[in-house]
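First to last, the protein sequences are chains H and A.
One point on numbering: in this note's numbering, the residue at position 52 of the first sequence is 52, and numbering is uninterrupted.
One point on numbering: in this note's numbering, the residue at position 47 of the second sequence is 47, and numbering is uninterrupted.
There may be inaccurate statements among the hints.
Stated by the list, open to error - In silico DSBU-like pairs for lysine-lysine, Cα to Cα no more than 35 Å straight-line:
hint	chain 1	residue 1	chain 2	residue 2
1	H	K37	A	K4
2	A	K95	H	K58
3	A	K43	H	K27
4	A	K95	H	K37
5	H	K65	H	K113
6	H	K95	A	K43
7	H	K95	H	K65
8	H	K37	H	K95
9	H	K65	A	K43
10	A	K95	A	K2
11	H	K65	H	K75
12	A	K43	H	K37
13	H	K95	H	K75
14	A	K95	H	K75
15	H	K95	A	K2
16	H	K58	H	K95
17	H	K58	H	K37
18	A	K4	H	K27
19	A	K43	A	K95
20	H	K27	H	K37
21	A	K2	H	K37
22	H	K75	H	K113
23	H	K113	A	K43
24	H	K75	H	K58
25	H	K58	A	K43
26	A	K43	A	K2
Think of the hints as simulated: they come from the structure by calculation, not from any bench.
Being a predicted model, the structure only gives us computed values, none of them experimental.
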Amino acid sequence: MELSYDIGGGDFVNAGRASSAVKGILKQLNISAVLIKRVVIALYEAEVNVAAHASAGKISVSITKDVIRINIRDKGPGIADIELAMQEGYSTASKEVREMGFGAGMGLPNIRKNSDTFNISSTPGEGTELEIINRLSN
Amino acid sequence: MKLKEVIGSLDLEVFYVSNPEGKTVSGGYVSDLLSDVMGNAEKNEVWITMQSHMNVVAIASLKELSAVIFVGGIEPAEAVVRKAEEEGIALLGTKLPTFSIAGRLYQLLER
Ligand SMILES: Nc1ncnc2c1ncn2[C@@H]1O[C@H](COP(=O)(O)OP(=O)(O)O)[C@@H](O)[C@H]1O
Ligand SMILES: [Mg+2]
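With the sequences and hints as input, model every part of the structure.
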């Protein structure tokens with residue numbers, strides 16, 4: 001099954017829509033609650049990062065009998081130092097975003113924690129791409 | 001414990017609730033950091049917070065929390081309440097600060 005969603009930069013009102021839709025579909029597919037939880041945490045944080053840090057993003061979700069593969073690609077400033085960005089607590093979020101309770105620098109670490117395989121690549125000035133893979137069997 | 005009993009015992013203000021007799025409260029989670037709640041709160045917990053915007057409802061729904069309690073007399077905007085209605089998320093309030101309401105909820109659930 002292939003699904004895709006758009007996310008707008010700065011659009012916090014709609015952040016979480018894709019996570020919610022994907023969660024509903026995974027439930028219908030009788031995927032285990034533990035796995036759904038992991039996928040939802042990772043996807044939500046990725047959505048919020050597009051809203052908080054980029055200008056537009058596209059999510060593609062592919063579900064097979066073996067694996068849930070999510071790709072999030074955005075246009076935006078990109079990340080110059082990925083190792084630094086991956087550190088717990090590191091954040092460049094604006095004051096407004098932090099006041100909303102986002103910008104704790106826990107997003108990327110939480111995505112990694114909740115992925116079986118996590119890949120991140122970025123071209124500064126162009127954008128960022130994440131791949132979040134979770135396997136159905138263990 | 002049922003949400004109805006929590007609302008009554010802690011004298012919470014109700015901005016929106018549906019079926020409080022049917023909802024179970026298994027614990028509480030206290031945080032104003034959304035990633036913390038997203039990553040660590042568990043299903044059927046009550047979230048105590050001073051954040052009151054739209055994304056709070058989205059997270060409560062994604063995490064299947066029993067309710068959100070806004071502290072210190074904070075009232076959610078109308079659009080936030082409407083979203084809670086759509087998602088079936090109970091929004092509650094208290095005049096008490098975080099420490100006091102968390103303490104009371106803890107005591108109630110441990111009884
Ligand atoms: N999609 C993105 N585009 C540009 N920068 C990003 C993106 N995602 C993350 N970053 C950078 O990595 C940092 C850490 O991200 P994260 O761990 O999610 O924390 P937070 O979003 O709370 O700042 C961000 O503050 C930002 O500098
Ligand atoms: Mg983030």
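What hints, given by number in increasing order, does this structure fail?
When the structure is compared with the hints, numbers 2, 7, 14, 15 turn out to be violated.
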